[in-house]
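Colleague: Below are the chains, spelled out letter by letter.
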Amino acid sequence: MTHEIILEMKNITKIFPGVKALDNVSLIAKKGTVHAIMGENGAGKSTLMKTIIGIHQPTSGKIFFKGKEIIIENTNFAINSGISMIHQELSNIPHMTVAENIYLGREPLNKFKLINNTKMLSNAKKLLNDLNIFIDPSLKMSELSIANMQMVEIAKAISYDSELIIMDEPTSAITEAEVEHLFKIIKTLKENNVAILYITHKMKEVFKIADYVTVLRDGKFVATEEAKNLDNKKLITMMVGRSLEKMFDKETTHIGKEKIRIENYSKNRLFSNINFSAKEGEIFGIAGLMGAGRSELMETIFGVRVKDKGKLFIDGNEVTIKTPSDAIKYNIAFLTEDRKKTGLYLMHSVQDNMAIANINSYIKHGLIDFKKIKSDCLLEKEKLRIKTPSLDQLIMNLSGGNQQKVLISRWLLTDPDILILDEPTRGIDVGAKAEIHKLMILLAKEGKTIIMISSELPEILGMSDRIMVMHEGKQTGIIERKDASQEKIMHLATGASLDSFNENDYI
Amino acid sequence: MENTKKHLKYKHIISKYGIFFVLIAMISLMSFLSPSFLKSRNIINIVRQISVIGLIAYGVTFVIISKGIDLSSGSVLAVSAVIAASLVQTPDWAAKMYPNLPVLPLFIPIIIALSVGALIGLINGSLIAKTGIPAFIATLGTMISIRGFALLYADGRPISSLRDSYNFIGQGKIFGFPVPVLIFLIMGLISHILLKHTRFGKYVYAIGGNKEAAFVSGVNVDKYLMLIYSYAGMLAALSGIVLSARISSGQPGLGVSYELDAIAAATIGGTSHSGGIGTIGGTIIGALIIGVLNNGLDLINVSAYWQQIIKGIIIIGAVVLDMRKNNKRK
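Protein chains in written order, with the numbering used here: chain A, 1 to 507; chain B, 1 to 330.
Worth double-checking, as some hints may not be accurate.
Unchecked claim - Now the stretches of chain A that chain B is said to cover, found in silico as 3 or more residues with beta-carbon under 8 Å: (1) 131 to 145; (2) 358 to 364.
What the hints assert, rightly or not - Mimicking BS3-like on lysine-lysine, the simulated pairs with C-alpha atoms at most 27 Å apart in a straight line are: (3) 267(A) <-> 211(B); (4) 340(A) <-> 196(B); (5) 96(B) <-> 340(A); (6) 96(B) <-> 341(A); (7) 173(B) <-> 341(A); (8) 322(A) <-> 311(B); (9) 311(B) <-> 329(A); (10) 341(A) <-> 211(B); (11) 322(A) <-> 130(B); (12) 20(A) <-> 257(A); (13) 341(A) <-> 39(B); (14) 130(B) <-> 364(A).
To be clear, the hints were calculated from the coordinates, so they are not data collected in a lab.
Cβ coordinates follow ideal geometry from the N, Cα and C atoms, glycine included.
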């Protein structure tokens, strides 16, 4: 059976300021097939898809659609050309009805150019019925469950009658039954000669529905294979198969007594029954794929969220942490994952950004002791080698790496015993990355406990003394440094258990 | 290289102090058009005229920096005015509100009025922090209810015949300076120190700049929101005392739409409604610009109607300039 090529991407490169997100990637999609795109977090999957739908423009490279070279200027252009996308993040308008959401921007009009609500409703009803999705289109979006919202998104993408549909992790928010339903829909689409690009982290799905698999790694094209020629192990090897040459010289540190212990930590829908402990001088890594609940777990430990159940011990004593200020009192620091959203005050100076978590110790007679702040901040600036013309510079003018260093020094000023670092080197350049790694080792040597979340396997393997792996809110295993390998972590991160791991499968 | 650096610095100064140059330009223009404008008596007069709005504007500056808004200040002013006035009526006045009230030391009515203002602010802050309703709605509600309370308290009538010692707050002079001007300057200094030199102030900026980041940094956001609105309420109450003392009467209809003038002053002075940015110095300049405009246009006989039109245009212009400045940074 031969399938006609509908989309061809040639040598696509996308450079964001300071980061090469896609490096010379090529991809072919054929009519009537499902083509899975796989890779670790940050491999460039979503970025590649966003260049097809017109959210990003490639820095270089060509896109051919139905044999003709096209430049996809924006999402509208893509939709009009016959390309639609189911986005990973839900992008609906909660106060509008299901029908209004589906037909947003292309509402059927009556002869007075007013919106024809009756027609819109009946169109929506027919669309949903045809897909066997039984949702009343006159309901408000906000009245639906998350899974139903996702089904509406799927219906919406299909309603454009597109010839190419991109699905970015469409099953991350839906239940098993709905996944089956989606697969039926995908089968019908295939029969109607629609091409589907399907991003997923789930191996099971790939082997169930994909005809082709393309693997990306660090923004680079690795390979495209027919799915029938692949198995679990081959695929994992393709995804992680980078050489370990660039690895870090992790110096051995003296690992002391237990500092922090979590027992049966649970939070409804996010994670359940998590148990681990970390010791003084230890770097404890937490690995897992998107949606594993790693950040949510750390946020809960730090008091950003409130736990449902579980116990937290520091130095062997049970403590209660309800807010971040409680956590700070127990000398815990938390470098959050999303620098811009929960870290930086973009419009404020480097110094203000640095001192904010530690203002308490700079109060003298009720007033802020700016001299002390300045000298402390200067010291940190030197220690972390933060590149900024002055401490008065607005932080938005610094590079990502230097912003991250400022945030780290914010927490170092509070002299913490436990540092939780969530993706400490995401989106920063290689030089700054190495410096942050050195700093982490230095801090561990001082006897501090470091808990690090990272989606980059080399970083997790290179820095951690022990590694906990999570999958969809559950811990699937804790591995000692000497026993850890990329394959083993990926094995656990995709939901398999440690017992089922066989080293020989991967050689 | 050296040149561009200088050029950048020059541009930086213009953008940072732009609104100050606008004030200087307006003062130059006015003094050119009217010879009596620059006389020290007129200058002091301008500051006296803006002192009531200015006091409210200090509090509003805190509120706006925290990414909020306070619409209740005008009503708080009225409540404070009638409460303070009712407690400082002359002993021999026949129509006293509290006929058997002994002559209280002056500080007691003042403390009571200020506390009521702070309490209303606390209600605003608690509503915003604890129920999560937008500041606009919370303070719109209190604005309406508190105005009603002022009318109820005074039975809709002015409370007059106030003691001279009280009237001194609005009409007296110390070393040739009107007392309202001194209060305005002293509270300006205190507000500046609070905002720039205390933990409270740092947290105001942090909450407005990035509320989530502030929370993660260990800031008790709810508590500080309550403090911010309480401070704004207290200042609005103080302006009520000054105004009622100035006109020797506590009237429940005082201060209608003063909150908008105060918001205008803070906005012209560069306080950003996106939060995280603003200074007391800027607000003083903003209030002065409004004052110079009113006074100067009066002196050269421009009608009050035109004054209003011009004032509106200046507010929009100031914000447009500010936005452009911020956009360039991105």
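Colleague: For each hint, tell me whether it holds in the structure or not.
Modeller: Checked hints:
1. Counting residues of the region 131 to 145 of chain A whose CB lies closer than 8 Å to any CB of chain B gives 0, so the stated coverage by that chain is violated, three being the minimum.
2. For the region 358 to 364 of chain A, the proposed coverage by chain B is satisfied: 3 residues have a C-beta within less than 8 Å of a C-beta in that chain, meeting the threshold of three.
3. Restraint check for residue 267(A) and residue 211(B): satisfied, since their Cα atoms lie roughly 23 Å apart, inside the 27 Å limit.
4. Of the supplied pair hints, the one linking residue 340(A) and residue 196(B) holds, its CA atoms being roughly 24 Å apart against a limit of 27 Å.
5. For a cut-off of 27 Å, the pair hint linking residue 96(B) to residue 340(A) is broken: about 60 Å separates their Cα positions.
6. Restraint check: the Cα-Cα separation between residue 96(B) and residue 341(A) comes to about 58 Å, which exceeds 27 Å; the hinted pair is violated.
7. A hinted pair counts as satisfied when its Cα atoms are at most 27 Å apart, and residue 173(B) with residue 341(A) does not qualify at roughly 51 Å.
8. For a cut-off of 27 Å, the pair hint linking residue 322(A) to residue 311(B) is broken: about 49 Å separates their Cα positions.
9. Restraint check for residue 311(B) and residue 329(A): not satisfied, since their Cα atoms lie roughly 50 Å apart, outside the 27 Å limit.
10. Restraint check for residue 341(A) and residue 211(B): the C-alpha separation of about 9 Å stays at or below 27 Å, so the hint holds.
11. Between residue 322(A) and residue 130(B) the alpha-carbon distance is near 16 Å, which keeps this suggested pair within the 27 Å criterion.
12. For a cut-off of 27 Å, the pair hint linking residue 20(A) to residue 257(A) is broken: about 42 Å separates their Cα positions.
13. With a C-alpha separation of about 52 Å, the suggested pairing of residue 341(A) with residue 39(B) is violated against the 27 Å cut-off.
14. For the hint linking residue 130(B) to residue 364(A), the alpha-carbon distance of about 31 Å lies beyond 27 Å, and the restraint is violated.
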